[in-house]
Every structure is written in structure tokens, then in C-alpha cells.
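K.L.:
Residue numbers (this note's numbering), protein chains in the order written: chain A, 1 to 206; chain B, 1 to 270.
Note that these hints are calculated values from the structure, not bench results.
Every clue listed holds true.
Footprint (simulated), chain B over chain A, 3 or more residues, beta carbon under 8 Å:
hint : region
1    : 36-42
2    : 93-104
Looking from chain A toward chain B, a few residues come up when the C-beta cut is under 8 Å (computed):
hint : residue
3    : R68
4    : S72
5    : L109
Calculated Cβ distances over 12 Å to all of chain A for the following chain B residues:
hint : residue
6    : L99
7    : L100
8    : R181
Since the model is a prediction, treat every value here as computed from it, not as a measurement.
We treat Cβ as the ideally placed atom computed from N, Cα and C, and that holds for glycine.
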Amino acid sequence: MIDTRPLAGTGASSVVYGSAVSVKHHVVRLRERGTVLGTRSLGTEVADEIRTSDPTAGALILDFSGVRVASSPFLDEIVCAVRSTIVDHPDRYVVSAGLNEDVLDTVQLVADRRGIALAVLQDEKLRLVGGKRHLEETLAAAQELGSFTAPQLAERLQLKLPNLHQRLAQIQEAGALTRADDTTAERGRRLMFETPDPADLAKSLC
Amino acid sequence: MAMEFMQPELLTLSGKLTRARALDALLRVGLSSGSAADLMLCAESVTDVDVVAGAAARLRICRHLRESPGGQVTIVPPRDASTAERLLELLSPLPVGVLLSDDRAVPDQTRYGFMPATLIADSEQARLAAEFALEACEAARVSGARANLIALALMELADNALIHATGTVDPPVVAATVAGRERFVEVAAVDLGEGLSEPSDCLDLVRQIPGAKEGAGFLAGLIRMGSTRELQISIEIISGVARLRWTPASHRTVRGNYVPGTTVIARINR
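Take the sequences, apply the hints, and build the full model.
P.N.:
As C-alpha cells, this is what we get:
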């Protein structure tokens, strides 16, 4: 079942997708703003749409499919809005997808300048843009596990737990990871971490 | 009562009208007296023009028409046919109040130009200019990757000029055209801002622009993008007495004759 409905109070380009087996996605389709995206004021409009996006959606996807060029002032607004919405709703994935090489490079430039890492769906894999190399490696290992506890990933990466927790916090700040209490834990409090299924995210793209 | 006849301001241009020479000839401070209602740009003896010449001519025309409302600009095109075609393509369509000295038509199809010299008043116009350039690149069968970079460079250079060109009322001008026996596309933004060109330490200010490896700005990013795509991209900045030539491997600033404003040129191979 696919449920598509425009969200109240957001632009026409926002659509929520959900199905019985996948998480509900809120998709912001940048292509509907044009193939050449420039100006800080347009960036502010899209940033508002990002900030007011459905907080109950499991994933917020910024779909750049069909966008040929995006300027750095425009993307700067988007990158900042992505960071703030992740802070506001840390239990939701925020992923940019459908970026061509040129838009991806400009996003990288802006993210580096801001010192912000972002989750990007590329070639059916999640990667980080603007993040350090060791975070990419951690995310890749996390994706192989899908759902995991910190000790499981620490063992896989041969890392000490405090070190791993630092990395996981940064990946979560990039929008590529969520965490929740593990209800199956028999003693004390245990966290379960989860990365999104790239194939599931890709279904929502144009 | 007899009508008072006022001599037009005559600006005679000659030889190679490119880069700093074009900026000096067309935009030098004090050239425009503001008293003559009409301006005659006499380019008969010009033997070569580049993207900077087109943009600088457009800016000069804009400045004259602002200073002399209701005035007129007459262009005497270069004698050399291909130079004339290049210049007129860059100035096409001619703004209201601008005429050619002969009855030739302005070229309606472009051979060299991707983006005629265009005044950019705000970021939205910069974006529209990028859209226009993308379409022109497609029509000229420029590859998608290069076309995107050309459009991106145009939009970013224009935006950059809008932000940094302080102390001037004239908007920046952008243009894009082929160069170097049509092996390159050159994108230029020319402005009359004083923030970079006028300080006594202009040379140092330009020299301090970070290079391609460590630079976080768009220009450094553009050079890096070129490197990863195996495209040759270089940047030139001409501002005041400073001349910066910037490639992936070098970042060299030298002193030259003073020119007003700041001009940034991105050169991308086709």
C-alpha cells in the first residue's frame, strides 16, 4: 500500500509515502523548484519546508533527482536546515538522494565549510558527505548490520565502546542513524541502533 | 532659440581588447564625464575581443545610460568581421538607447557566445542566467558535465559579485563565450565594486585568497571539481593592481596596471 498525501502547511513538493513493510517517508522534491536551484531566498523557502516536515515520518528524504545545478548559497540554507531538523527530531533519518556529481560536489563544499556531515544515498548505499573518513567506515559497517547494539558494532570494528559511541553520535547527527531503547534487554538499559534500508529509501525517489 | 549641440563623448578603442586592457580602456575611472548625453564607442581598430571586453563594454554602456538618462550610445563595430561578430554577439540584444554606426544587424544566432553580457541585479537573475547558459550549452552540444559546471560557475560568480561588489551603484555583468580557438569556454563576472580593488593592500588581499587545496570557497571548489573530472579549469582574478592566476597546481598573484573593480574569469575546457 502506498499512501500519498500532501502535508498541511507545506509546499506542494512534499509527499508522504508509507507502506505496510517500510517506514513512512516524507519526501521533499527539489526538482519541482527547478533544474537550476539558486538564490538564498529559494533556499530559505525549502529550508522552511524541511523544518516543518512531518515529524512522525520515519525518514525525511531530500530528492534532488532532476536537479542539474545548485548554488552554494542555496545549498547552505538546506544544509543548515537539515542539521537543525536532525537536532529537533533525532529519531528520524534525514537523507539526501538523487544528487548528480555536480550537486554532490557543491553539497560537499558547503558541508565542509560548515563542518557538518550529511547522509547521502548514492549507488544504493548510504554515505556521508562532509564527514571524516572513519565515520564513513563506521557507517558502512553499521549498514551491514542494519540493526545493532553498540557492543556488536564495536566488536566488528575492533573499537573501544567510548570511541564507537562518539562516532555513532556523529553519524546520528548526520541523519543516517537512529537509536531507541532495546525492549528485549533483560537487564538495565540497552540501546538499539538502526540504519535505514537504502532500497526502501530509493523507492520514494522520482 | 537655437538648439544647443553637445559633442558626444568619444571613446576610441584599438588593438587587442582583452582582459585588463579591456577593463582599462572601457572602465577607467574618470573616463565618463557625465556631461555628454551621447557616447560613441569607436571599436573600428579593435583586432580581438574576449569575454571580459564584452562584459566591460556592457558595464560601460550601463554606466553611461545611468549617468545620462535619455542619452544614446553608438557603437562603431570592429573592421575585422569575426572580431565584430564576437563583440556584437556579446552585446546582443542591444539595450534600448544603443545603436550601431552602420546598418548591420546584430547576430541573431550565436557562434561564440553562451551567455551575452548581462546585468545581474539580484540572485534570481543569476539563477536565470545559469538556466540560459545550460540551454545554450545544450544547443552547442557541450557535454552535460561541462554544461553543469559552466552554469554553476556563472551563477556562483554572479552571486559572488553581488555580495562583494560594494561601493558601486552599477550591477555586475556576467558573460560566457568560447575562447582559445574554441577549445575553452570562458565565464566572466565584471563589477565595479571597490572593496577589493581600492585598498592599498589590494595585492596582498588577492594573494591571501586560499588556494585550491585548502580553500573552502567556491572558486577553490570549482578547480577541485575540474580536477576530479579531468577537466582543465583555471581562474583569473583581475582587481585593482592585482592579477591572480589560479590552476590546480599554482596560485600566483602579480602586480599590474590599475584597473577599476573586480573581474573573475573561469576558464573551462570544452
